[in-house]
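Under my numbering, the first residue of the sequence shown is numbered 37, with each subsequent residue one higher.
Mixed in with the good hints, there may be bad ones.
To be verified - Quick list of simulated restraints, FRET-style, between CB atoms:
1) Gly256 - Glu200: 10 to 20 Å
2) Gly161 - Met271: 19 to 29 Å
3) Arg136 - Gly220: 31 to 41 Å
4) Ser192 - Pro124: 17 to 27 Å
Simulated from the structure, these hints should not be mistaken for laboratory data. All C-beta atoms, glycine included, are put in the ideal place defined by N, C-alpha and C.
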Amino acid sequence: MSDTVLVTGAASGMGRTVVERLAGAGWRVLALDRSAEALDALAAEVGPAVVPLVADVVDRAAVTAAVDGLVAGHRLTAVVNCAGIYPPTRLDDYSEDVYRRVFDVNVLGTLNVTAAAVPHLRAAGGGAVVNFASVDAFAVSPGQLLYSASKAAVLSITKSLAIELAPDAIVVNAVAPGWVDTPGNAATGRMAAAAATIPLGRVARPDEIAVWVQRLVEPGYVTGETVVIAGGAAMR
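Given the sequences, and given the hints that come with them, work out the whole structure.
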């Protein structure tokens with residue numbers, strides 16, 4: 037039996053970087069995403085440590101069934117909830133559909149995946165959950181009305197689950213990145229302007245976030261905390 041980590045949003049962005057780092061560190065990685073084609077490409081590139089898991093995080097039954105099927109014969113000891121969306125919204129242009137999608141993916145998805153994984157973490161004798169929040173949960177950005185609110189909810193969920201799961205020796209923490217040099221962020225055309233507002237003068241490299249995720253997937257004495265990785269932007 038080998039130790040396994042479940043990573044959502046695995047086919048792109050920060051999820052992909054986390055998969056690559058953890059697979060390189062010797063983990064068996066259940067890589068969860070909606071795109072079978074993208075997951076197959078990821079597995080072909082990274083190697084046999086990556087096990088594709090096709091599911092939508094908003095579908096709790098599908099996630100549970102998929103996780104149960106692929107964990108069999110292995111120890112699931114960590115979960116990384118990377119899946120998230122960040123469409124720009126303001127009070128004068130948000131819609132109910134966008135609201136529900138943002139909260140379904142960013143908040144409900146985090147709960148669904150964690151709920152599916154916890155029985156396996158308990159069976160392993162404990163483990164770690166790492167949620168992706170955002171610096172926008174602390175220092176909101178213009179035009180990110182719903183995204184900021186959803187990530188503030190992730191912070192609260194992280195604390196609540198840390199208390200709830202502590203008796204099972206499961207720690208729950210979060211990372212809160214600021215601007216990161218991912219394809220999705222680059223497509224906004226705003227990274228250069230954002231970098232000028234960051235005290236360290238640049239956006240983060242993806243692996244600078246992933247290294248903190250790697251530290252947090254190893255259960256320890258830290259739980260209910262959020263590591264802000266934003267180059268000092270949250271202090272502005």
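Here's how the hints hold up against the structure:
Gly256 and Glu200 have their C-beta atoms about 18 Å apart, which keeps the hinted 10 to 20 Å range intact. Distance hint for Gly161 and Met271: a CB-CB separation of about 39 Å, inconsistent with the stated range 19 to 29 Å. Hint check: Arg136 to Gly220, Cβ distance near 21 Å, so the stated range 31 to 41 Å is violated. Distance hint check for Ser192 and Pro124: the Cβ-Cβ separation is about 23 Å, which falls inside the suggested range of 17 to 27 Å.
Checked against the numbered hints above, the structure breaks hints 2 and 3 and satisfies the rest.
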